[in-house]
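**Student:** What follows is the residue order along each chain.
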Amino acid sequence: SLEKNISLASPTKVELTCKLDENTNLKNPQVTWKKGSETISHTSKTKNSWTIQVTISDRSQLGSYTCIVKDEKEISATFHLHVPKVEGREKPIITYEGDRAVMVCKTEHNSKAWTWYMTNGTELVAINKILHADKFQIKRPSANVNRLEILKLTKKDGGEYWCEASFDLGSSKTRFELRVLSITAPLKPFIAVVAEVAILVVTIVLYEVYSKKKGKGREKEFDQIEQL
Amino acid sequence: PAPAEAGRVPGPPDGGWGWVVVFGAFVSIGFAYAFPKGLAIFFKEIQDFFGTSYSEIAWVSSIMLATTYGAGPISSILVNRYGSRPVVMFGGLLCGVGMISAAFCTSILQLYICVGFITGFGLALNLQPSVIIIGKYFLKRRPIANGLAMAGSPVMLCTLAPLNQFLFDNFGWRGSFLILGAILLNCCVAGALFRPIGPGTARVKTQVTEEAKDALKGKITEDAPMESKAEEEEGKDCFEKVNQYLDFSLFKHRGFLIYLIGNVLMFLGFFAPIVFLAPYAKHTGIDEYSAAFLLSILAIVDMVARPTTGIVANSKWVRPRIQYFFSFAIAFNGACHLLCPLASSYTGLIVYSSFFGLAFGMVCAMLFETLMDLVGAARFTSAVGLVTIAECCTILLGPPIGGILIDTFGDYKYMFIKCGAVMVLAGTFLFIMNYYNYRMLAKEEKERKKKEEDPKCVRTENEGKKNWNKDSTQDGPELEPLRQKGEGVKKEMNGT
Chain Y
33 SLEKNISLAS
43 PTKVELTCKL
53 DENTNLKNPQ
63 VTWKKGSETI
73 SHTSKTKNSW
83 TIQVTISDRS
93 QLGSYTCIVK
103 DEKEISATFH
113 LHVPKVEGRE
123 KPIITYEGDR
133 AVMVCKTEHN
143 SKAWTWYMTN
153 GTELVAINKI
163 LHADKFQIKR
173 PSANVNRLEI
183 LKLTKKDGGE
193 YWCEASFDLG
203 SSKTRFELRV
213 LSITAPLKPF
223 IAVVAEVAIL
233 VVTIVLYEVY
243 SKKKGKGREK
253 EFDQIEQL
Chain H
97 PAPAEAGRVP
107 GPPDGGWGWV
117 VVFGAFVSIG
127 FAYAFPKGLA
137 IFFKEIQDFF
147 GTSYSEIAWV
157 SSIMLATTYG
167 AGPISSILVN
177 RYGSRPVVMF
187 GGLLCGVGMI
197 SAAFCTSILQ
207 LYICVGFITG
217 FGLALNLQPS
227 VIIIGKYFLK
237 RRPIANGLAM
247 AGSPVMLCTL
257 APLNQFLFDN
267 FGWRGSFLIL
277 GAILLNCCVA
287 GALFRPIGPG
297 TARVKTQVTE
307 EAKDALKGKI
317 TEDAPMESKA
327 EEEEGKDCFE
337 KVNQYLDFSL
347 FKHRGFLIYL
357 IGNVLMFLGF
367 FAPIVFLAPY
377 AKHTGIDEYS
387 AAFLLSILAI
397 VDMVARPTTG
407 IVANSKWVRP
417 RIQYFFSFAI
427 AFNGACHLLC
437 PLASSYTGLI
447 VYSSFFGLAF
457 GMVCAMLFET
467 LMDLVGAARF
477 TSAVGLVTIA
487 ECCTILLGPP
497 IGGILIDTFG
507 DYKYMFIKCG
517 AVMVLAGTFL
527 FIMNYYNYRM
537 LAKEEKERKK
547 KEEDPKCVRT
557 ENEGKKNWNK
567 DSTQDGPELE
577 PLRQKGEGVK
587 KEMNGT
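Residue numbers (the numbering used here), protein chains in the order written: chain Y, 33 to 260; chain H, 97 to 592.
Read the hints as simulated data drawn from the structure, not as lab findings.
Since we're looking at a predicted model, the values are computed, not measured.
A hint or two may mislead.
[To be verified] As a list, the in silico SDA-like pairs of lysine to any residue whose alpha-carbon atoms are at most 25 angstroms apart: (1) Lys187/Y <-> Gln261/H; (2) Lys171/Y <-> Thr148/H; (3) Lys246/Y <-> Gly111/H; (4) Lys36/Y <-> Lys79/Y; (5) Lys220/Y <-> Val233/Y; (6) Lys205/Y <-> Lys248/Y; (7) Lys220/Y <-> Asn282/H; (8) Lys117/Y <-> Leu210/Y; (9) Lys184/Y <-> Leu205/H; (10) Lys123/Y <-> Ala136/H; (11) Lys138/Y <-> Ala175/Y; (12) Lys542/H <-> Gly107/H; (13) Lys244/Y <-> Tyr178/H; (14) Lys184/Y <-> Phe146/H; (15) Lys378/H <-> Gly120/Y; (16) Lys140/H <-> Gly120/Y; (17) Lys138/Y <-> Ile137/H; (18) Lys117/Y <-> Tyr150/H; (19) Lys348/H <-> Val360/H; (20) Lys161/Y <-> Arg132/Y; (21) Lys138/Y <-> Phe264/H; (22) Lys144/Y <-> Ser39/Y; (23) Lys138/Y <-> Leu156/Y; (24) Lys539/H <-> Phe527/H; (25) Lys144/Y <-> Lys205/Y; (26) Lys123/Y <-> Cys254/H; (27) Lys67/Y <-> Arg91/Y; (28) Lys45/Y <-> Ala175/Y; (29) Lys171/Y <-> Ser149/H; (30) Lys138/Y <-> Gln261/H; (31) Lys246/Y <-> Gly107/H; (32) Lys184/Y <-> Thr202/H; (33) Lys138/Y <-> Asp144/H; (34) Lys248/Y <-> Tyr178/H; (35) Lys184/Y <-> Gly147/H; (36) Lys188/Y <-> Thr202/H; (37) Lys171/Y <-> Asp144/H; (38) Lys140/H <-> Ile215/Y.
Isolated chain Y (complex conformation):
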């Protein structure tokens, strides 16, 4: 079955149309529009298309609208009307103690308000309320982008963070995972590689000195033979 996603931020009127391909020859197609289990009556109908008009004034009108075409077989197409989704980062954000963490949240449409949450145990606590200017900074570089900066990181700052964008018709959230590492974490592979480099260089130099000594020894032999 066919599906389409539509993002709506504010109350609006939408027209949804199901159109049959000209090549299909259906004898007597019966088309019904449904939202969930509720049937909606068509607003207009032409030879091959069936349209409904929906007024979205609050979030209860959002959802999935399906048109079902019944002839010999049954085909359906669904429109998903929902609040704009928020984009964050799926992979964990790796930062270091003493550094700062930056989480950037984006949507397609302009958001009315942004809220950031951090988890305290199992609870979500809004950061906007406890805004300590020297620890948390929230910036809004543009209407559909929001930035949370956490300064002077400690290990305790690691964990889940949520970014919520509020629209007229509702809100959507996305999750960030923050991991705070200590500086010693990358130091171990670093020292390992530096040690490998040092060992290789010393080995190469020693091998060269050794093979030169062997060569000089042979030279001395030849000189001695010639003198004889």
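Following the hints, complete the assembly by docking chain H onto the known chain Y.
**Tutor:** Just chain H now, with coordinates in the frame of chain Y:
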């Protein structure tokens, strides 16, 4: 010692330790070309972290590339003065320091300096000397050695790309830069393998017989008084002194000029298709992973094409006419780009990527080999420096011009047509000019042979230089060592 051998200087080893040097060059060249490309993985995160636009981040790459190519002459001067080994080891150290300090940067400007300038300069000190030392260790098998060493670039890219992703997922960008700094120190290991060599040095490790060695020792003591006199004369002239470190007289060399013009033109269309291949694939509706797979195909074909081209270029049919082979490779590359807009399906793009990988590998494998072939191993040190700084401008201009074409017309095909046309033009230019050059060289060779008949002919410094100019390979590489007379020894000493 037999009188016939008294006048003969042993040629490059063409093997033995030379293959170890090729491995070192493989690593060094690989880092120099692949590292800037591999950094792209970190850019999105750094862009978010510093809150900058994409173009400001892209400058990091551009500055790095510009420094790597622009510092070519400095690299050449240092190699002329100190030899390849110290320069590469210092370069590796510089790269390491650059990336390690980049891990602690607090602004985008500091990143420009640490990643762009310092690491870029370190990579420049890696790239040139690696190519130069191959010319010192190989002659008969030089195309193979060049092909193998240049294969380092795609191999390193295929290694660095997943490695960078792994480091980034586990250590973030700061930790990754720190560890990458340590990894770049491996260039010092590569440098340690570059044992100095030259017919004048006492530590020559060739398969030389005792007699030849004695002959060599005799030659050096003979030449020493002549050499010191010549050096005194040179020291008086300041221009000559500069020339000693960076051979500007190359601009009078016909082959060098042909190579320079052809290559500068070619680089206008060389890199842009790679930069835009994945975006073009996504534009035609292909998903991100399949688009990335196209680049992998390119890299794998490239990896195989480079040593293969080296072997082909070394064969007795191609080696004397290697310049034609090079021109053909460039034109072939251009033809691929011109045909690309016709490929609209995913299969078509796979075919394009394979042929592009092949053509790209062919050109890269012979890039430095043809220059060595034209100017000879001794002047190559300066030649490569001068060529890279000239190419610097067009390399930087290529992708942005392609980007402007794409943005104005909204269609990728004009970018491909532009790149294809430029490269076909460059290939044709090189083909015609090299035909002319080969004929002129044959003529000059005939004149020189006539002069050689005269036994009382005194060989002055200038004539020695002229001999190097006429480094013709039409007779095949086997005859080259015979032409390296005593006068050639001084130039070799300079180039150690």
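**Student:** Indicate, hint by hint, whether the structure satisfies it.
**Tutor:** Results for each hint:
1. Lys187/Y <-> Gln261/H: It holds: about 24 angstroms lies between the C-alpha atoms, which stays within 25 angstroms.
2. Lys171/Y <-> Thr148/H: holds (13 angstroms)
3. Lys246/Y <-> Gly111/H: holds (20 angstroms)
4. Lys36/Y <-> Lys79/Y: holds (23 angstroms)
5. Lys220/Y <-> Val233/Y: holds (20 angstroms)
6. Lys205/Y <-> Lys248/Y: violated (75 angstroms)
7. Lys220/Y <-> Asn282/H: holds (17 angstroms)
8. Lys117/Y <-> Leu210/Y: holds (21 angstroms)
9. Lys184/Y <-> Leu205/H: OK: lysine 184/Y and leucine 205/H at ~22 angstroms, within 25 angstroms.
10. Lys123/Y <-> Ala136/H: holds (18 angstroms)
11. Lys138/Y <-> Ala175/Y: Status holds; Cα separation ~9 angstroms.
12. Lys542/H <-> Gly107/H: Distance ~24 angstroms between lysine 542/H and glycine 107/H Cα, so the pair holds.
13. Lys244/Y <-> Tyr178/H: holds (20 angstroms)
14. Lys184/Y <-> Phe146/H: holds (16 angstroms)
15. Lys378/H <-> Gly120/Y: Holds - the C-alpha atoms of glycine 120/Y and lysine 378/H are around 22 angstroms apart, at most 25 angstroms.
16. Lys140/H <-> Gly120/Y: Distance ~13 angstroms between lysine 140/H and glycine 120/Y Cα, so the pair holds.
17. Lys138/Y <-> Ile137/H: holds (20 angstroms)
18. Lys117/Y <-> Tyr150/H: It holds: about 23 angstroms lies between the C-alpha atoms, which stays within 25 angstroms.
19. Lys348/H <-> Val360/H: holds (17 angstroms)
20. Lys161/Y <-> Arg132/Y: holds (20 angstroms)
21. Lys138/Y <-> Phe264/H: holds (22 angstroms)
22. Lys144/Y <-> Ser39/Y: Cα-Cα ~15 angstroms, so holds.
23. Lys138/Y <-> Leu156/Y: holds (20 angstroms)
24. Lys539/H <-> Phe527/H: holds (19 angstroms)
25. Lys144/Y <-> Lys205/Y: Judged against 25 angstroms, a Cα distance of about 14 angstroms means the pair holds.
26. Lys123/Y <-> Cys254/H: holds (23 angstroms)
27. Lys67/Y <-> Arg91/Y: holds (14 angstroms)
28. Lys45/Y <-> Ala175/Y: holds (23 angstroms)
29. Lys171/Y <-> Ser149/H: holds (16 angstroms)
30. Lys138/Y <-> Gln261/H: holds (23 angstroms)
31. Lys246/Y <-> Gly107/H: holds (23 angstroms)
32. Lys184/Y <-> Thr202/H: With Cα atoms ~13 angstroms apart, lysine 184/Y and threonine 202/H stay inside 25 angstroms; holds.
33. Lys138/Y <-> Asp144/H: holds (12 angstroms)
34. Lys248/Y <-> Tyr178/H: Roughly 24 angstroms separates the two Cα atoms, so the pair holds.
35. Lys184/Y <-> Gly147/H: Distance ~18 angstroms between lysine 184/Y and glycine 147/H Cα, so the pair holds.
36. Lys188/Y <-> Thr202/H: Between lysine 188/Y and threonine 202/H the Cα gap is close to 23 angstroms, so the pair holds against 25 angstroms.
37. Lys171/Y <-> Asp144/H: Satisfied, since the Cα-Cα distance of roughly 12 angstroms is no more than 25 angstroms.
38. Lys140/H <-> Ile215/Y: OK: lysine 140/H and isoleucine 215/Y at ~23 angstroms, within 25 angstroms.
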